[in-house]
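Using the hints, position chains F, W, X, H, U, P and S against chain L.
Protein chains in written order, with our numbering: chain L, 1 to 150; chain F, 151 to 300; chain W, 301 to 450; chain X, 451 to 600; chain H, 601 to 750; chain U, 751 to 900; chain P, 901 to 1050; chain S, 1051 to 1200.
Note that these hints are calculated values from the structure, not bench results.
Hints are supplied without guarantee of correctness; some may be wrong.
What the hints assert, rightly or not - Straight-line C-alpha distance at most 27 Å; calculated DSSO-like pairs for lysine-lysine: (1) H:679 <-> W:304; (2) S:1054 <-> P:979; (3) L:79 <-> X:454; (4) S:1129 <-> P:979; (5) H:679 <-> U:754; (6) L:79 <-> P:979; (7) F:229 <-> H:604; (8) P:904 <-> X:454.
Stated by the list, open to error - Listed next, with one range per pair, are the computed distances between beta-carbon atoms: (9) P:979 <-> X:540: 35 to 43 Å; (10) W:346 <-> X:540: 27 to 35 Å; (11) X:539 <-> L:115: 51 to 59 Å; (12) F:284 <-> H:604: 42 to 50 Å; (13) W:339 <-> F:239: 34 to 42 Å.
What you are looking at is a predicted structure, and each value in this text was computed from that prediction instead of being measured.
Glycine included, each C-beta is placed from N, C-alpha and C at the ideal position.
Protein chains: 8
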Amino acid sequence: MTTKTQVYLSGEIHTDWREQIAAGVQEAGLPVELTSPVTDHHASDNCGVQILGEEGDPFWRDHKSAKINAIRTRILIEKADVVVVRFGEQYRQWNAAFDAGYAAALGKRLIILHDRELNHALKEVDAAALAVADRPEQVVEILEYVLSVR
Amino acid sequence: MTTKTQVYLSGEIHTDWREQIAAGVQEAGLPVELTSPVTDHHASDNCGVQILGEEGDPFWRDHKSAKINAIRTRILIEKADVVVVRFGEQYRQWNAAFDAGYAAALGKRLIILHDRELNHALKEVDAAALAVADRPEQVVEILEYVLSVR
Amino acid sequence: MTTKTQVYLSGEIHTDWREQIAAGVQEAGLPVELTSPVTDHHASDNCGVQILGEEGDPFWRDHKSAKINAIRTRILIEKADVVVVRFGEQYRQWNAAFDAGYAAALGKRLIILHDRELNHALKEVDAAALAVADRPEQVVEILEYVLSVR
Amino acid sequence: MTTKTQVYLSGEIHTDWREQIAAGVQEAGLPVELTSPVTDHHASDNCGVQILGEEGDPFWRDHKSAKINAIRTRILIEKADVVVVRFGEQYRQWNAAFDAGYAAALGKRLIILHDRELNHALKEVDAAALAVADRPEQVVEILEYVLSVR
Amino acid sequence: MTTKTQVYLSGEIHTDWREQIAAGVQEAGLPVELTSPVTDHHASDNCGVQILGEEGDPFWRDHKSAKINAIRTRILIEKADVVVVRFGEQYRQWNAAFDAGYAAALGKRLIILHDRELNHALKEVDAAALAVADRPEQVVEILEYVLSVR
Amino acid sequence: MTTKTQVYLSGEIHTDWREQIAAGVQEAGLPVELTSPVTDHHASDNCGVQILGEEGDPFWRDHKSAKINAIRTRILIEKADVVVVRFGEQYRQWNAAFDAGYAAALGKRLIILHDRELNHALKEVDAAALAVADRPEQVVEILEYVLSVR
Amino acid sequence: MTTKTQVYLSGEIHTDWREQIAAGVQEAGLPVELTSPVTDHHASDNCGVQILGEEGDPFWRDHKSAKINAIRTRILIEKADVVVVRFGEQYRQWNAAFDAGYAAALGKRLIILHDRELNHALKEVDAAALAVADRPEQVVEILEYVLSVR
Amino acid sequence: MTTKTQVYLSGEIHTDWREQIAAGVQEAGLPVELTSPVTDHHASDNCGVQILGEEGDPFWRDHKSAKINAIRTRILIEKADVVVVRFGEQYRQWNAAFDAGYAAALGKRLIILHDRELNHALKEVDAAALAVADRPEQVVEILEYVLSVR
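Isolated chain L, as found in the complex:
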């Protein structure tokens, strides 16, 4: 594999799991390009009205931002070889599950990352995955194994 493997990191934005994976990938020298949604919560929520103009109704405020974010996320999921989706304890994270479904229907290789307490709630999502991990370093180890030369 001479071109870099594209790995999209979807989901939770309030812990440092992406940084942990990035550090592990760098340390192992893996031929991986990590991509992600815009993880700045404020920017992500406000890009719509900030760029395209204010909205009175919060529904349309959200709508415009969600669609601009979708420009980025859909391009990156479409280009991804592997999609990692992280579910945390907080928030409902329906966009993470949406991304997992979207990636599954496109035939992308899915790795789902979450604490074991969420096993039952995520059973349908996990059932579509090729690996279910509970720690970021396991994702690095999977990538390392999968991209090993021999």
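For chains F, W, X, H, U, P and S alone, kept in the frame of chain L given last:
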């Protein structure tokens, strides 16, 4: 449209929203075939071990059931002309958001149904929909309008 | 061909070209099922707010209606064997050209119907068509020829 | 995203909106490759007969040119990550709407750019877009946001 | 297989091979629906100008007819389960080879039918087929075998 | 689901597992249409030379038969909603594993059926399945559950 | 367009039309990569038996060669942005027409190149093309126009 | 062909056939990138539990490893231009046949490599191939021929 329009009803299983839509569709005499996942919570959770044998680890218990349920849901989403996804107040309902993402990637027409309090949490899912409704009768009205002869 | 050929009639809604084609198809006894968008201009413009609730901003008023109409039009274009798109003298009819492009990308057989004065303006759309007609009865004749037994 | 994002600029050819976007993209140093149709109106209208020989009937004159132009536009739309379609006040611009429909059916990310007076006429096209802008600099801002590292 | 298998018969129109296959299929009572292009040579050559108006240049005369015929042939190839292509001794029959290539790229099951003298000239076409026959009754036997219950 | 679910039964032809499933499906009154390859070993091996003429080299003898059988199997796998693949103790059954891979790449729902002793040897095939059963009646129970109304 | 446009040159191998196009492309400095089948007639006919072993029956001799050549041609057509197919006066050239059909079904941009005497015989093939040329330099001019910056 | 042709080498892991092909490719200086599954039998069997945690039931032990290996193999088959599948005398090698079926359904060019004694057992797999070789050097010769400039 002489063949019936296939409408898959995904999501929440603890309220009677499917029955309300079914009653409305029948009353209006719409040429619609409504389909849904297995909505018997107990059966859905236990089909795996009941049919394929007991498991010690609850993860695999869930896994076997989730996959058998996926046989049904993936066939029905693939055949659907319209996919309606209902989000309720209870539970995390990641499978509903997963279905929405799956259907979106297949280019299915999405109608999302939820209370307005969930607007912000569901903004990415709503952004992929052709209609966002908050009451089941609106789904019936949409189908009635969409399937009207003139 | 024992199943009926699906023919979607897109475009102009202010003349009786659809009725002329329907009459011709019926007279010739062709195994054709004609489909079309909602052609009631008022209903088509207002379905969004009527079903899903009023909007202050006319952009979102239009947006909700356009998306509900898209539920119908995308299902019908997807199921169509032939897509006929009629351009008239009035209005900009960008939705007609949009439908033509959408159908072309899906590999549908396109017949474009318009007066000869529009030839230059429609050259890119016509270039994607398998037939360019200027009278509705020609569309009927094409269907009659194309569906003839011998 | 180490490879450049491909952005196809379709539509109006009589104002300098493409140059404005190009200047903005360059100023911001965005990893974007902008592509467009042949925007020289005369060349675009005459390439067919100039290369492949004169035609008596203006319909076929146009036809030959439109098809040669389609070689370029279809390759570029197929390769595009984002398709921006600009509608101006002049001309009918059915080819712009056709491109929008074509791109939508291929699942491309659409940004529609037009003055607010055209909102109602373009509602079906806008309904398929992930962003509707009225000034070229907004397109640059969207690209800047969407391609931002964090 | 309760629905009838769709078998498209492409190619040579100057011998009675289609009638032979039809007779064989009927005699054997096979659940097959045979389809074909318009095989009336005169009608097929003239449908364009007859329906859409005269042309001075024979190239465009042919062009208009070829495209109207393509409406029929592309619908039928798209719906076909099996495509049979017959090459005879006369004429160049490039449309038959074109149909074979078209069907092959769509993943259709190809049966090629021709005299053995044409083996070398048709080697690339035959290489894409699941069966190469030299007599129409062999096509019937293949269909009979392939559609046999046990 | 008003149309019957298409279930293709691939693999082992020397035991009565297909009959067991057929009996179970009939007894339960399931809306299922079972399909299968030609399971008459002799006919399946000889159809090529019997219909298309004798071959000296056994490789081409086999080749002609294998391709004629592929006409049937590829049509049926393409039409299937569910593909069941049975592996037995005897023979190498590479065609069964080939069918499983073929069906998996098409996104078909896979059920793999084999004795537990084959678990390790079939781990890659099982990993692509939505259910792994070791007795034919489990396949019936899965279909019964999956096709249950509520 | 920073990556080179892939142009596959299919068809006639007994005149120097490929060399003429190559010279024109080079002279014009076009960002084009020209590809072609193996044009050494002898090598192309014999590669099968030369590499994989002798065959008694000329049908299988041809078959093995045709399939090995298909490895090359299908990869190159799949990667092509534009497919040029040249028909000459000699030979039946069914493989050229097959390639044209194959490329058309994949949605590739087709340019057909032949003398005007072949117009009637090639009408169905021409009808699928975006340009029909009769001299190689016209193909160069089309590429030059299509790849021009402005 | 300026980019390297991607060739995936699937199947048997207990002989040095991959090394033979690699040596031949290197000696001939072919523009080929060879890829393969993880061929370290022990690592391949244990990656699942080693990375994601121990399992009591050997079925799930195997399952976790098979799925992690599938991340690699599916990416590589998806990216491959040519898939070579080697069947040896030992083991059942159902994963090799599964890969062949998977690659065939994706339209990949297949080369099957095995001793002649396996001809009958592999007839269905061979029937989907563009070449059937019995020695690794033949695969090199095919690649050399297929990638030759003239």
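(request) List, from low to high, the hint numbers that the structure doesn't satisfy. (result) No numbers; nothing is violated.
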